[in-house]
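Trainee: Below are the chains, spelled out letter by letter.
Number of protein chains: 4
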Amino acid sequence: MTTVTVWNEYRHEREDDAVREVYPDGIHATIAEFLDDRGFDVQTATLDDPEHGLTREVLDDTDVLTWWGHEAHEEVSDEVVERVHERVLSGMGLLVLHSGHYSKIFKRLMGTSCGLKWRESGETERIWTVEPGHPIAEGIDECIEVPETEMYGERFDVPAPDTLVFTSWFEGGEVFRSGCCYRRGSGRIFYFRPGHETYPIYHQPEIQTVVANAVSWATPVDT
Amino acid sequence: MTTVTVWNEYRHEREDDAVREVYPDGIHATIAEFLDDRGFDVQTATLDDPEHGLTREVLDDTDVLTWWGHEAHEEVSDEVVERVHERVLSGMGLLVLHSGHYSKIFKRLMGTSCGLKWRESGETERIWTVEPGHPIAEGIDECIEVPETEMYGERFDVPAPDTLVFTSWFEGGEVFRSGCCYRRGSGRIFYFRPGHETYPIYHQPEIQTVVANAVSWATPVDT
Amino acid sequence: MTTVTVWNEYRHEREDDAVREVYPDGIHATIAEFLDDRGFDVQTATLDDPEHGLTREVLDDTDVLTWWGHEAHEEVSDEVVERVHERVLSGMGLLVLHSGHYSKIFKRLMGTSCGLKWRESGETERIWTVEPGHPIAEGIDECIEVPETEMYGERFDVPAPDTLVFTSWFEGGEVFRSGCCYRRGSGRIFYFRPGHETYPIYHQPEIQTVVANAVSWATPVDT
Amino acid sequence: MTTVTVWNEYRHEREDDAVREVYPDGIHATIAEFLDDRGFDVQTATLDDPEHGLTREVLDDTDVLTWWGHEAHEEVSDEVVERVHERVLSGMGLLVLHSGHYSKIFKRLMGTSCGLKWRESGETERIWTVEPGHPIAEGIDECIEVPETEMYGERFDVPAPDTLVFTSWFEGGEVFRSGCCYRRGSGRIFYFRPGHETYPIYHQPEIQTVVANAVSWATPVDT
Chain A
1 MTTVTVWNEY RHEREDDAVR EVYPDGIHAT IAEFLDDRGF DVQTATLDDP EHGLTREVLD
61 DTDVLTWWGH EAHEEVSDEV VERVHERVLS GMGLLVLHSG HYSKIFKRLM GTSCGLKWRE
121 SGETERIWTV EPGHPIAEGI DECIEVPETE MYGERFDVPA PDTLVFTSWF EGGEVFRSGC
181 CYRRGSGRIF YFRPGHETYP IYHQPEIQTV VANAVSWATP VDT
Chain B
1 MTTVTVWNEY RHEREDDAVR EVYPDGIHAT IAEFLDDRGF DVQTATLDDP EHGLTREVLD
61 DTDVLTWWGH EAHEEVSDEV VERVHERVLS GMGLLVLHSG HYSKIFKRLM GTSCGLKWRE
121 SGETERIWTV EPGHPIAEGI DECIEVPETE MYGERFDVPA PDTLVFTSWF EGGEVFRSGC
181 CYRRGSGRIF YFRPGHETYP IYHQPEIQTV VANAVSWATP VDT
Chain C
1 MTTVTVWNEY RHEREDDAVR EVYPDGIHAT IAEFLDDRGF DVQTATLDDP EHGLTREVLD
61 DTDVLTWWGH EAHEEVSDEV VERVHERVLS GMGLLVLHSG HYSKIFKRLM GTSCGLKWRE
121 SGETERIWTV EPGHPIAEGI DECIEVPETE MYGERFDVPA PDTLVFTSWF EGGEVFRSGC
181 CYRRGSGRIF YFRPGHETYP IYHQPEIQTV VANAVSWATP VDT
Chain D
1 MTTVTVWNEY RHEREDDAVR EVYPDGIHAT IAEFLDDRGF DVQTATLDDP EHGLTREVLD
61 DTDVLTWWGH EAHEEVSDEV VERVHERVLS GMGLLVLHSG HYSKIFKRLM GTSCGLKWRE
121 SGETERIWTV EPGHPIAEGI DECIEVPETE MYGERFDVPA PDTLVFTSWF EGGEVFRSGC
181 CYRRGSGRIF YFRPGHETYP IYHQPEIQTV VANAVSWATP VDT
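Protein chains in written order, with the UniProt record's numbering: chain A, 1 to 223; chain B, 1 to 223; chain C, 1 to 223; chain D, 1 to 223.
Wrong hints could be hidden among the right ones.
Since the list gives no way to pick one copy over another, a pair counts as held whenever it fits inside one copy or between any two copies.
Calculated lysine to aspartate or glutamate pairs in the DMTMM-like style (CA-CA distance at most 25 angstroms, straight line) [as the list claims (entries may be wrong)]:
hint: 1; residue 1: Lys117; residue 2: Asp222
hint: 2; residue 1: Lys117; residue 2: Glu86
hint: 3; residue 1: Lys104; residue 2: Glu74
hint: 4; residue 1: Lys107; residue 2: Glu75
hint: 5; residue 1: Lys117; residue 2: Glu171
hint: 6; residue 1: Lys117; residue 2: Glu138
hint: 7; residue 1: Lys104; residue 2: Glu131
hint: 8; residue 1: Lys104; residue 2: Glu138
hint: 9; residue 1: Lys117; residue 2: Glu82
hint: 10; residue 1: Lys104; residue 2: Asp162
hint: 11; residue 1: Lys107; residue 2: Asp48
hint: 12; residue 1: Lys107; residue 2: Glu123
hint: 13; residue 1: Lys107; residue 2: Glu142
None of these hints come from the bench; they were simulated from the model. All figures in this text were calculated on a predicted structure; none of them were measured in a lab.
Model the full assembly from the supplied sequences, consistent with the hints where possible.
Mentor: This is the structure we're talking about:
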């Protein structure tokens, strides 16, 4: 059974009432719950845990790590970043969610700035499936509509994904490569755009399906 | 100097007053003119020419072929398609424009259905640059806006492009991989979405720049 | 459970004693047996069956089709090729084995000549794993050694694979991209080079592992 | 005209008579000379120059930087690495040569370990052209033979190249992806394997052709 560690910065939810209303126990609790419901073996870890909850022991026992961070990327210690980096290269899967695009670990793995355009105005996003036969798109229609979200726009400064699974349309006029697969070392990485802290996006069933599919896809092969 | 053959079905312009108003001498004449202005050695050929204007002699003398067709794809002879196919594999560049996505030659080279969604309602398109460092994007801003166009939407059933240069946003809610590079055999292929017959899109300077850049990019190397 | 149809031209084995000695009941029987041993639901079909054994009914019931052909590619009817092509685009997996590189269906899907260099001199091949984290490489060491084989050399005229899993070294001085993944339509295709009729290559356990892994990988997702 | 800065560690040549015999004025002098002969505007810089010869001013004036290093990768200052990294993302081309695979700048851009197998035994390498239509392969036959070289073998722990142009065969039984194109930010990167300090590989005309082609290919587009 795939062992998943759901990592969360867990600051917004403790600092901001509006966020807490959407994710009372933290974004990690919501993600952990729906992954647990789908049969994964799930644990959580957060920034303010000792070693950010990502000791060597925890990582060695993790098949897939999911990463949500936003305002405190710089507080993640370089030592832990290197530890996660090594584990990805040796096979651990990594899901980078939404504002995790600017995390140290994602920038470390991509080698680029990972910059993008953004605008926070609660606009509609439509996530189009570009590769319908990909396992991460299993059970997803041609399009997922997110009623209100923060916009992320191109150019997204990442290496061209090994496989592009989803591309987003935003009401205000932008597009974004929102579901990007990468292989690095022996590990698989999936960047998935949706999921701002002030919108209940991780409560949306199709988004949960994609995250769960991505966890399955990123599970390491036996070697 | 790169020798370009601009191929056009050339039916709409002779049958339909509205189209003739936009392209009085045919889409091919407009494309040929702006390529000639940019220093290419240009000739044209159309469906109703003998052998569609694509004799072995013409093709042997062509570095890059541009292709526009729409209502008469089926009238292109299989023999000429095979001839063009062979030339592409042996190095000739090919630009497939707009509704050329359903041409025999493009389907032959892609190996897929090349299907897509479409809607004709004169909506706005924004063509976002996804690879700003690519030679086909040279001189292009982060986005080209086409005020009125036919919509093409995903899923576009083509192989994942070797390089994705542009992605389009449409007012009505769709996205589209609108600038796709492929290598096949020793030849280079660029699919470029804009260019419906009832809109003056090939008169738009940024679109002309992309087409000219793509011709340069697709020019065969000496071997 | 994945349903596999193992297709074989099945001519060499009936015409040539040396081949029959290696594959007494045909290459398909050997492949079917080791896939059955690994828990797949397997059936076989051959060129000389009515409709080559590939009726619409059989194909509709097939998750993954494996293809071995060599001397009689031209005898495969265009109608059956179109039928298989449609099924791949709608999600069926396809494994193309060794000399199947020149089959009508592979050329139809690739859009290129699929040509390559070859030499038959019983030389050693070493199949190097280029993507150790890929599910098709699961359980495979850094290299599979095939003691005696026919050489296939670059340039292999195919589109750049979406993922390159294996690259072969040949004693006589050539290299070859020998494990190539493609997505076409909603289907997944894997080309795997080893497997000449006069060498017992499909009896080799590591080769069997790769074929079985590839069947799993190419199994369609639920849609 | 493309401005090239040829960077060299320049230690082996000063420390070791055998190396000095092959490259009396340093590897950089040899590379600079053949690029100058081909019409590029060339300057050189070495590790022991102030700021390694790579001041902001020099880099701002450089279209393409070529990088050769081996024994002193760790002596390159992190500040200069960041400076080069930024310039690549903003468009400067980068050619990474041979043992430069382990340079800080290449690892920074790739995000992986960049590890590989190696053996120094003066064996023959055959560099096969996998993409004959690519501009970096212009003028190159199907294969370049290097009579004596150090072996580099897979698995090469890099991201799958955006385009794989060459693959090497080694006498001792290994293969290697020896010509790899990457886009990162707005810049283009080419890794080219040949070129050990104790063999006269940069004196070989075909190798010089590839390096010169790669400089042309990596020259930034106007933006």
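Trainee: Decide, hint by hint, whether the structure agrees.
Mentor: Consistency of the hints with the structure:
no. : hint            : verdict
1   : Lys117 - Asp222 : between (39 angstroms within a copy, 22 angstroms between copies)
2   : Lys117 - Glu86  : between (30 angstroms within a copy, 19 angstroms between copies)
3   : Lys104 - Glu74  : both (7 angstroms within a copy, 22 angstroms between copies)
4   : Lys107 - Glu75  : both (15 angstroms within a copy, 23 angstroms between copies)
5   : Lys117 - Glu171 : both (14 angstroms within a copy, 19 angstroms between copies)
6   : Lys117 - Glu138 : between (29 angstroms within a copy, 21 angstroms between copies)
7   : Lys104 - Glu131 : between (28 angstroms within a copy, 23 angstroms between copies)
8   : Lys104 - Glu138 : neither (30 angstroms within a copy, 30 angstroms between copies)
9   : Lys117 - Glu82  : between (28 angstroms within a copy, 23 angstroms between copies)
10  : Lys104 - Asp162 : both (21 angstroms within a copy, 24 angstroms between copies)
11  : Lys107 - Asp48  : within (21 angstroms within a copy, 30 angstroms between copies)
12  : Lys107 - Glu123 : neither (27 angstroms within a copy, 37 angstroms between copies)
13  : Lys107 - Glu142 : between (30 angstroms within a copy, 22 angstroms between copies)
In the structure shown, a violation is registered for the earlier hints numbered 8 and 12, in ascending order.
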